[in-house]
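A.B. asks: Starting from the known structure of chain A, fit chain B onto it as the hints suggest.
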Amino acid sequence: MEGEMLKGHLDMIILAALSSGPAHGYAIIEEIRRRSGEAFDLPEGTIYPALHRLQQAGLLSSRWVTAESGRRRRVYALTARGTRALAEQRAVWQQFSAAIRGLLGPTHSGKPA
Amino acid sequence: MIAAYMKRLEESLAHDPGLSARVLQEVRDHLEEALAAEQLDDPCAAERRVVERFGDPCELAAQFAPVSLARCARRAGVAIALATVAILVMMKARVFWFAIVQWRLSEDVQTVANLVITVDRYAFWLAACIGAASLLYIARLHTPARLHADFQKHLRRAAGLFILATVPLGVSVMSDLALTVLQLRTVLGLAAVVPITSIAIEIGCIAVIAFMVGNAARRLARSELLQPR
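The listed protein sequences correspond, in order, to chains A and B.
Each residue of the first sequence is one higher than the one before, starting from 1 at the first, in my numbering.
Each residue of the second sequence is one higher than the one before, starting from 1001 at the first, in my numbering.
In case anyone wonders, no lab produced these hints; they're calculated from the structure.
Source: prediction; values computed, not measured.
It is possible that some hints are incorrect.
Stated by the list, open to error - Quick look at which bits of chain B chain A covers, simulated, 3 or more residues with Cβ under 8 Å:
#1 1017–1026
#2 1045–1057
#3 1063–1069
Built from N, CA and C at the ideal position, the CB exists for glycine as well.
Same shape as in the complex, but just chain A:
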């Protein structure tokens, strides 16, 4: 899928990936790949400015943890505000996709009403 198209929805994609639980950057990328059936393949670094921005907006919280490998990593989680924002964005997206399906769907005759 086009990178530019994805970037426009990156915030929603990240919030959705974190809806299954807290995760660090690499795990979020893996979750996005897995849940999109490998269709979403962004430059991996793109996710970090977005994570920092979403945290600044109060939609995510983060904390440092030490992984089993001994490396320190930043784990992100949805805040209550982030969960609400995701629900709102999901509703808007569903309305939008239903409208597009209505326009492009096979039942459309192409004749004006």
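C.D. replies: Only chain B this time, still in chain A's reference frame:
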């Protein structure tokens, strides 16, 4: 190859050392985990794939610019608010102390003191109002994914508000200093430690604020330099 990539990223984020330290640690962890998941039959090729998938470091640093600038602006706004509260507490503490030790200004300086008190009062409340407005302005500012002209315009306005709040706050502290000197002109001793300490704290606050606001204003005014070239 990963080490060279980290070096380039560090150079690109050098404008914000606090953010840079956190980002570098996150990116290092990411690249090492990605490398561990790679086929390591050819380590150099594996590192190259990992770095390529991560993206260009200059582009990444450019994407961090709005985050960094918004963080800088928020810090300056919060610092002004905290300094305003600290200065108010010091002023009240000094007035309270003067009442306890029953120090009064002598008649010969009363007229000058009244003028300085008026300047002090108006300057302080003007600074408090502008400081609160700047904090609100920054709090309502949405950080975009990329730097754009509209966001930069808001940042410049925020920098202007910071300066407008700092100047009267400085005038207020200088007025406090003048009043304290008038007060301590004739009476010195152990009891003078409280007003001297409180005025020193006020001067410290305004010095820190002037430094932070100057730094933030320079960065916010020159934000276009952080865009990728």
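A.B. asks: Next step is simple, just say for each hint if it's right about the structure.
C.D. replies: Structure-based check of all given hints:
1. 1017–1026: holds (count 5)
2. 1045–1057: holds (count 5)
3. 1063–1069: holds (count 4)
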